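Visitor: Quick one: dock chain against chain with the hints and give me the complex.
Respectively, the protein sequence lines represent chains E and D. For the first sequence, UniProt numbering begins at 1 and goes up steadily by one. For the second sequence, UniProt numbering begins at 1 and goes up steadily by one.
Just so you have them, the derived chain D footprint on chain E, three or more residues with Cβ under 8 Å: (1) 75 to 86; (2) 89 to 97; (3) 188 to 194; (4) 209 to 218; (5) 223 to 236.
Taking CB as the label site, the calculated pair distances span: (6) Thr74(D) with Gly105(E): 54 to 64 Å; (7) Asn5(E) with Val118(D): 39 to 49 Å; (8) Glu255(D) with Pro111(E): 36 to 46 Å; (9) Gly121(D) with Ser235(E): 50 to 60 Å; (10) Glu255(D) with Thr7(E): 45 to 55 Å.
Keep in mind the hints are simulated off the structure, nothing from the lab. Keep in mind that this is a model prediction, so the values were computed, not measured. For glycine and all other residues, C-beta sits at the position ideal for the given N, C-alpha and C.
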Amino acid sequence: MQDMNLTGLFIDLMGRLGLNYEFLATGYEAQIWRDGFITTLYLVAVTIPVSLIVGLIFAACLTSGRLWLSAPVRGFVELTRNTPTLVQLMFSFLVLNTVVSNMLGGAQNNPLSPFFWVVAVVGLHVAALHAEAIRGGIEAVPSSMIEAARGMGFSQFEILRYVQIPLAFRASLPAIVNGLISLVKSTTVGNAIAVSEITYASIMVWTQRDNVVELMIVLLAFFSLINFVVARVGSWVERRLAIPGYGL
Amino acid sequence: MSMAVTPKTTSTSSRVLRYIGFVAMPLIVIVWSLIDLSLGRELVEWIPYLASGFSMNILITICAVTLGTTAGVTLGLMQLAPFWFVRLPAQIYVQIFRNAPALVLIFATTYIFPFEIVLFGNYLPFPDWVKAVIGLAILSSAYIAEITRGAVLSIPTTQWEATKGLGFSRLQALRYVILPQCVRRSLPPWMNVASSMAMGTSLASLVGVHELMHAATDASTAVRRLDFTIIAYVVVMAAFFTLCYPIARLTRRLEQRFNAG
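Chain D on its own, in the form it takes in the complex (with noise of 0.2 Å):
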């Protein structure tokens, strides 16, 4: 009986300290610069240079994971396809841009691409930030790629079969019938990615893009006080953590029903 209590009252207290999780950590941000009102008013200074940073994060987080979930889900309906000659290819992609880390992604795309593209006698800019969309985009297209194929895998080959006695090709049965279930069930995977995109972000700041990382290291060692060091990752993690925390805490709700039903 005791057995079956303990359980329970853990997870009401730890559901509470879940809810703390979503405002802990600007909480501390508020209450500190509050206590100290000089490293406040330094702070709030700061605080639109960081913003400026932090949407640039959000900025190449959207890019980089609509990008790749384009790329992603085309190459991992081609890992699926009966030719191996399109087969192949998406296999070796995949393969390679998997266990590649992102910062080296990132370093490839930055130091390969041009600074500027030549487009019909233009000189076209080429930013380093778009060259960190491209890298994170590489590897988020081949992690995308992994989850569509092992989405499109774990519908029960009956239902293909039962396309196939309704007169439906391989692409209408893909279409109508296979993907609609896929996207359901690649739904917390692909958030996770989404998720660990928004964080791979912030190596773009050792590119030398203007982005929160890179922004909270100028704010510090323009002020000099190890204090406003601290409270400036403290405001870095901050944000992060405002933004990825409900992702994931979104992500573990959908699996859990998911799961149940």
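For reference, chain E alone in the conformation it holds in the complex (with noise of 0.2 Å):
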């Protein structure tokens, strides 16, 4: 009770402002909307650590110095950063989809639903975003560094594991919250195959309300405060992991 009175006020004071937020106050609408907040968060929060594991592996390919390893890794990263998000989600939904169809005979057996395909593309675009900032901070690790860690013994998965990763990661934090930024932004592709997210939400409202100019003023204020609590905690990770005289 005490929740619809406060939409209301929000609703008649906007409507004093000139703005038309009254498709709150509506069952339907409202619940599209809320669901589309939520989608849109949770389509974030799975691709985050997807980017980051699977950019994780590429750099480790990237710098592994065995080209049947790196140069698979170092095609796709260039295919993937050199081409449209969108181009790569209509190819992966409209063909590969298919193609998996097809073979397990009929889309009604096909697991894969539209979200997936988001998560997949977006997550592997921003992981070769991630594998060229981390395979940048591999290559800086100072080469002394490495074969000190040879001298005592350390094999070649090792180095990367307790020597090589930790550094680089430090390093390149600040360009994996980049990526990470434009992860966020990417995943507003998904309306293109109508993964129900905020975008995709905010047109069915406004189809019905012709409301667009408020709900741009959510959405960018959503955008922004979503990537501000991103770079809030990128620098907080920065703080926390940084080694006092090292200089990173």
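Guide: Okay, here's the thing in structure tokens:
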């Protein structure tokens, strides 16, 4: 009851400013819109770990020094960085998804949802950005340190795991945070294949209500807020991990 | 000793790979359409249609980057102005639009602006692609404002003091001493923005602009063959890739040269 009154008060106040938020008082459209926010947050929360893990694997392949590992990853990174995310998404959804459906004998057997494809495409796209950042960090680790580790009997993998990645991660953290901010923005392409994230939900509302400006204000504020939180968490991690005296 | 040799051999082989990168995508399309001639014939029929779509992408990119650069440089310099009433609006603008997804801005400009403008009693059409240009220009202006601000701030303050000693006004110092150096410094990040705007133009297909993505979707629904759909989207990727990959390579080279000297 208290909640309803607050919503009513908000609609009334905004109405006086000339902004039409009346749909919030209706059950159905407000529900779609709320779900849109939740879907976007969920999408971001799932895609961030995917991009970080895959980015780390890509970076390990790129710096492995083995051509059969680094060349395919290098090719993928260049392809995904230099083609639009939307085209990759449509290609995956229209082509790969159809191929999977055909292999499984019909679309009804296909367990892969549009949501999955958005996570996969955006996750891999941002993973390519992370991979470049981490690779730069790995290559910046002084060779004397690697030689010292080798002298102490570390294997190639152990050097990567205990020496290169911890230092490279710290050095590349600002670039990784930038990648995550572009990840947040990229999740909006999901609306091309009808994932009901916030822009899709907003289109549903404004085609009925013709209140584009009002919804745009909220959308811009929402994305600014998410990116602000991501940037804040990033700088917090950066401070927590800082090694005194190492200069990172 | 072996340490010194290993990176060199990988760099030569990766250099070869990078040159393959320039031609790999178009090569896949050509080889595939030669293997399956019926597919190739279909594709050749649709190439002019796809090309007309891609020319729209290039047009939107050029307009958006030109507009965005003009606005962005102005905003970036405004952010450094000594008066708060000049500085503050620019800072707010940049903070809001730098964090906005390109798609949201394209939707905003498409749905907020009218479909025609009345100018002295004449009805002028306001086409969707111009709205997409404005949407992308807003985004790129926010990025370019930050690049400009960063570039000006990266010039050592001693240079400002030296110009003051030589009797330059603030604007004269900016015009004759600071900005010429900034141009060189901000070129690589500016090219990154230009290339990401070029890729952003594909989003205009979602608001009904006839560009490459849209053309490919049209073509694949008209032909209704899975292999044609695949090759149509490979052509789309090849087009964007052959546009953006050379820019990315050039950017990296400029960055390296700048870091070295």
